[in-house]
Every structure is written in structure tokens, then in C-alpha cells.
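Engineer: Start counting the sequence shown at 149; every next residue gets the next number (the numbering used here).
No lab work stands behind these hints, which were simulated from the structure alone.
Hints may be right or wrong, so weigh each one.
Listed below are the simulated EDC-like cross-link pairs for lysine to aspartate or glutamate, each with C-alpha atoms no more than 16 Å apart in a straight line [to be verified]: (1) 181 <-> 212; (2) 216 <-> 203; (3) 181 <-> 242; (4) 174 <-> 227; (5) 190 <-> 161; (6) 190 <-> 211; (7) 150 <-> 180; (8) 221 <-> 242; (9) 243 <-> 180.
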Amino acid sequence: MKVNVQSVNFNADQKLIDFIQLKLDKLENYYDKIIFADVYLKVQNTSAKENKITEILLSIPGDDIMVKKTCKKFEECVDECFSSLQRQLIKRKEKLSARV
């Protein structure tokens, strides 16, 4: 699966990009028809500690799945997005297999 990582107002280091790629590659175990993933990393200029925003847009045939999380660290956000996407993909796969 092709993963596009875009960091807004900062430069993401290679370790973070590799971590995101590794996590999102695991989603193919749950749903094998994923076309690509767009990941947007943003830092809010607020005094709150939870100022890191991660948005993941997953493109699958017939629909797109969008998840947005706000956390203290980008790794934490990616983990939360991953578990949310995992649940949605499992649910979608169960619906499709129920139709057939």
C-alpha cells in the first residue's frame, strides 16, 4: 500500500515516517483492498499539551475512511488512529462477507 505522509508547519523525521508506514502496512492483514493512505501531521499552536493532530485518510474501493486524533505525541496519535481504522475495516469486511 502506498502511504503519503504530509507534515504541516514542521519537518517529520524519517523514524516517524517509518513508524507510520509500518503501522499502516499492518492494516492490510484486516482488509486487503486498501489502495492508499494519506497521513496529515499537524502541530497546533496552543498552550495545551495535546497539540499534535494526526489525520489518516484510507482509500478503499467504493468509499474512503477518515480518522482524526489529537494527542501529546504523534506515535500515540498513530496508534489510536490504527486501532480505530482496524475496527472499521473489520466491520466493513464482515458486512461484505455477509452479503455474499
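Engineer: Hint by hint, work out which the structure violates, then give me just those numbers in ascending order.
Structural biologist: 6, 8
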